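Starting from the two chains in their separate frames, assemble the complex, guided by the hints.
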Amino acid sequence: MTENKKEILSENEDNKQKISVSIFRKRWRKFRSLKRGYYSFLIMSFLFVISFILPVFVNHTALVVKYNGSYYFPVFKSGIYEAKVFAQVRDGETNYRQLKEQFKGDNSDNWVLMPPYPYGPNENLLDEMAGSPPHPPSIGHIFGTDDRARDVFSRLLYGFNISISFAIVVTFLAYLFGVTIGATLGFFSGKVDILGQRIIEIWATLPFLYVIIIVNSILQPNFFLLVIILTAFTWEGITYYVRGEFYREKARDYVSAAVSLGAKNRTIIFKHILPNSLTPIISFAPFAIVANISSLVALDFLGFGLPPPTPSWGQLISQGMNNIEKWWLVAAPLSAMFLTLIAIVFIGEAIREAFDPKVYSRLR
Amino acid sequence: MTAYFLRRFLLIIPTFIGITLIVFVILQIVPGGPLEQELLKLRMGGQTGSGEVSSSGGNNITGIEIPESALIEMKKFYGFDLPIHLRYVRWMGNLLKLDLGRSYVYAEPVLDVIVERFPVSIYFGLIGFTLTYLICVPLGVAKAVKNGSKFDLASSITVFMGYSTPGWAFGAIMLVLFGGGSFWDVFPLGGFRSEDWDTFTALGKIWDQVQHTILPVAGYMVGSFATLTILTKNSVIENLSQDYIRTAFAKGLSEKRVIFKHALRNSLIPIATGLGHFFSLVLAGSFLIEKVFNINGMGLLGFTSIQSRDYPVTMGILVLSSLLLLIGNIISDILYATIDPRIRFK
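Protein chains in written order, with this note's numbering: chain V, 1 to 364; chain C, 365 to 710.
To be clear, the hints were calculated from the coordinates, so they are not data collected in a lab.
The structure displayed is predicted, hence computed values, not measured ones.
Warning: the hint list may mix true and false statements.
Quick list of simulated restraints, FRET-style, between CB atoms [claimed, not checked]:
#1 Ser558/C / Val192/V: 52 to 62 Å
#2 Ile168/V / Ile694/C: 47 to 57 Å
#3 Ala251/V / Leu517/C: 51 to 61 Å
#4 Asp356/V / Arg621/C: 45 to 55 Å
#5 Ser618/C / Leu176/V: 46 to 56 Å
#6 Val192/V / Ile694/C: 23 to 33 Å
In this text, a Cβ means the ideal position worked out from N, Cα and C, and glycines have one as well.
Same shape as in the complex, but just chain C (with noise of 0.2 Å):
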């Protein structure tokens, strides 16, 4: 088994090398990159805002001409001055040495600006995360147990709706009737804690960041409630109707002892190797809930680097998640294996 997983962690390598490649190749040839961008501005004398679509190629602009040497220069700076595949070579060959590049708007190292994001991520991703877990697993075993009953059938109603309603649509909607709108003013706009936190006093403090912290985190929520919940009744129903169950109850046992003992230990396999997405979930967030709440995060961040043409930020936040993602998987057949004896993978 150790094999296997020592030739799935190798195969980590073509995967990413396919992935990095994909993008880096999309935002090398096609039109409208930073160092067009940043070309279209000089000429129109600073005019154009760095965040405009523009699909027209470098040569058709007139205006003021740029001496060949400052554009030699200029190539240089945005990694344009060699043909895409040396180009790509050397970004991976840097991202060995752990070097993502500078950002072009930060004016700082691609790590820096990333990991200066994390704590705000992690912060809602955690406590998201813990919460669907808590509230899920507890609601879905309920559901399994009285399957049928009036309790299954009203909190399927939720599930349903909580299925239909992306996690930033619930969030926005909240965000209109709570955010002080034309309805009540119960909740900030969003952010992760108020301009001027540093002036509160303790207790203000921590009221300041509950206050920020219930709607983004009911998103998050909401995002993956159905999901979860419905794995885990089906899990639960599914083990119910096993015969070692039917053994344990021909021997005597309380309904309780059974479900608790015998069927919930088994029915939590498949919810516990869900765990092996932990770190991606919680460290990448959710860019469409950090847009809505306007909450500086990861999600956020390589939302608005996609929008500056920032690339080396945008392919720094594409290595993170996607390498978090590639590793997540392992992790979670590793839990798995381990939980589940009967599981051999070979």
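Same shape as in the complex, but just chain V (with noise of 0.2 Å):
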């Protein structure tokens, strides 16, 4: 009997696996049915891999200096090796690229091995450069400088990282603080949800942007500050749609069955109703993204976001927008900032499409 039990057991195991399995494919192969989003996420995916080593592909730092019979590599250092080491009349860091041309000269067999963009994101090149800054682009510096002649192709690339990895933490802390809410007020409703709702109206109804300012104008945030405001003005977005959907699959038979064989609630609402409600949470995330780094650009173009001299797209807008001839401050950020709005949107689409499709038959 018991023996027989198990084996039903684990055959409704297996089945569900299954079951969950193919449903995960399926979505899984229309999602790569659909190219434009399908492609978007690959790019977008090995762009931000990418952007965590990019110390080794932008910078002013050299990946391998030979000097002397031995071997440097000034990346892979967490300190700097200062100009005399490799005796270079100059104080503080060494001057890489000058130390390259040096070595050419020498005829010697020391050398140096630079990045293929060899600027960095927070380098003055204020003496290396003619004229005064910011510098209109140039063979060099693809994008120009800056009003602080740094290169604006490098901070770009770096305000990638930044506004990528930012948004993504950013939802995902205000989507665990969300869908638990939200869960909770769905599965409990009552006066929960009664009391839950008003706070979650106050929250709504708050201008969060305005609300993020005034916070921000005052405590001069840095990158973990900045998370932590803009995750608690805005987890509850996502609440709606998840009390929405624990609302709906509470009244449902395998709840009732969690329920009569003495299930916790935590784990009802955990393990029994959350896999089957993931799908408005998962296919809202790319446009929490995308908004997530829509505000920080906005925040940072009006001088309320990440502390200087954090590379970051809205500092160098708003730089440009002060001087309106320089016309790269502006162009180059706002264009890095569409793609990537766009390949997420591209993403956000597909996704949505695959897990929610809406099939309407049509007359005519």
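Here's what the structure looks like:
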């Protein structure tokens, strides 16, 4: 008898696995068939992963230096090599681009291997460039420099990593809170729900960008503080969907079955209902990321975002708006933002299509 | 249903108290408020700008001593003379008498300062709002009717692009291109109208106003273009697959008649309810667009009031915009129930 029961159970387990895998596969296959979204997904994932090892590609620090028979790897060193290590007449950090030129002239077997784009995001190029900053785009600096003679292209790429990381972390945290709270309200309903709904209404009515500016004008946040502030004022968005899903799912038979088996509330919420209410959560995530990137750029633009000298798109735009003739300071970051956002919107559209297909039959 | 909406209106009260309480407390407890700014300014001999951010507390600043009586006087002026909960009660009491206090910067009643900005915000908001609906709704309907056609796909690209461009960013790039920087000098750099507007001829006045209007309004429209178009499209498509459309076709009506007479009326219901936020959108403006175009409306006022620590104005704008939003929510629901007899609120 017990053996039999076990068998049935394990068979059920297998079935469950099979069904869930096949649903996921089906959606994945559908997602892959939507070329625009799928390729955007591949490209964005690749660029985002690559952007974590950006110092190898875009940096003012050399990858390898061979000097007097020994090898140095400045990029991988946590500190800096002072200029005197390579007998360069200079204070502070070595200027590897100059060192490279110097070694070339020397005719020795000393050499420097620079990253493909040899300018750092926070490096002041004032002594190397003629004229006053911001410099217009040129062959060496494809997007020119900003008002402190820092390379715009380099700042854009580092800004990409920061913007996306920021948006993903905020979205994740806001979902963590939003889903938990929405699930609690939807599952317990009654008084908890009424009270929670009131609090959520307060949050939804707060003009969030306005309030964030108030807070930031006073606190001068760093990356993590800004994440916390933005999370604190955006978590309520997802609660509506999760709450609605929970209201619907709670009435299903499998929930009654779980309740009559004596499952704990927490188990029912997270193990039984949540996996069945993931559709809106997943299909809204890309759009939440888009919104969070826009918020970060807007805050940086207004001067209430990440503290300087963090490479940021919005800060470049605000420089450009103060001096409208320096068009590259506006055009470059806005193009970067536009391309990033549209790629994520494509991904979101494909995910929504794969997870929540709406098929309408129409006459004629 | 009347009882339902009455209850909804009563529920505005706790929500409103919650909102104002949160912002009030944030403004009052954090360091660097107007009182500390003023003290710092006095002690440093008036050298610090009021917009500077200072996180240092009032006690560790050395320099000129300020007499106790003057300090009390100043605390009273900035309203820091009571414990925080009493300060809030006093503020709320004044609000009920429609007294939002006096602006520190403009030295005028806050209500006057805000109301002065209404015409500018209403001007841009109203034009933007109207044009958005005039363009997006027909476009959405056309996309739905020709779903999957070349026109639909081509306009979808515009919609995607619109969704990926915040309105203020679009405004910024337009200013760079057409604002007379390195490219074309077609439009002015911003503002409501030229400074010497009064000296223009009648025709010149209109032309100047139009020139100052086009780019900001385009910015407003880009902001809601994508959402409204897609909302319309989805609503029409959903209705076209309903049974009553099948019936309409079955009884031999022409496609035009079915779409415009039957489907459209029902499809516009969710869009019409959006009109509830008309006042909120029109009055409150967008401070990002007003900042980009340097338009002296309510949005920019809110932004500068934060920068200059003009707390009465900051609170005043919060009061106004949150009330508009809360009432707008209810108006939307009333509209919904009025237009669609299937909807019953309890």
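How the hints compare with the structure:
1. Ser558/C / Val192/V: 52 to 62 Å: holds (58 Å)
2. Ile168/V / Ile694/C: 47 to 57 Å: Taking Cβ atoms as reference, Ile168/V and Ile694/C lie about 36 Å apart, which means the hint is violated.
3. Ala251/V / Leu517/C: 51 to 61 Å: Because 40 Å falls outside the window, the suggested range is violated.
4. Asp356/V / Arg621/C: 45 to 55 Å: violated (32 Å)
5. Ser618/C / Leu176/V: 46 to 56 Å: holds (54 Å)
6. Val192/V / Ile694/C: 23 to 33 Å: holds (24 Å)
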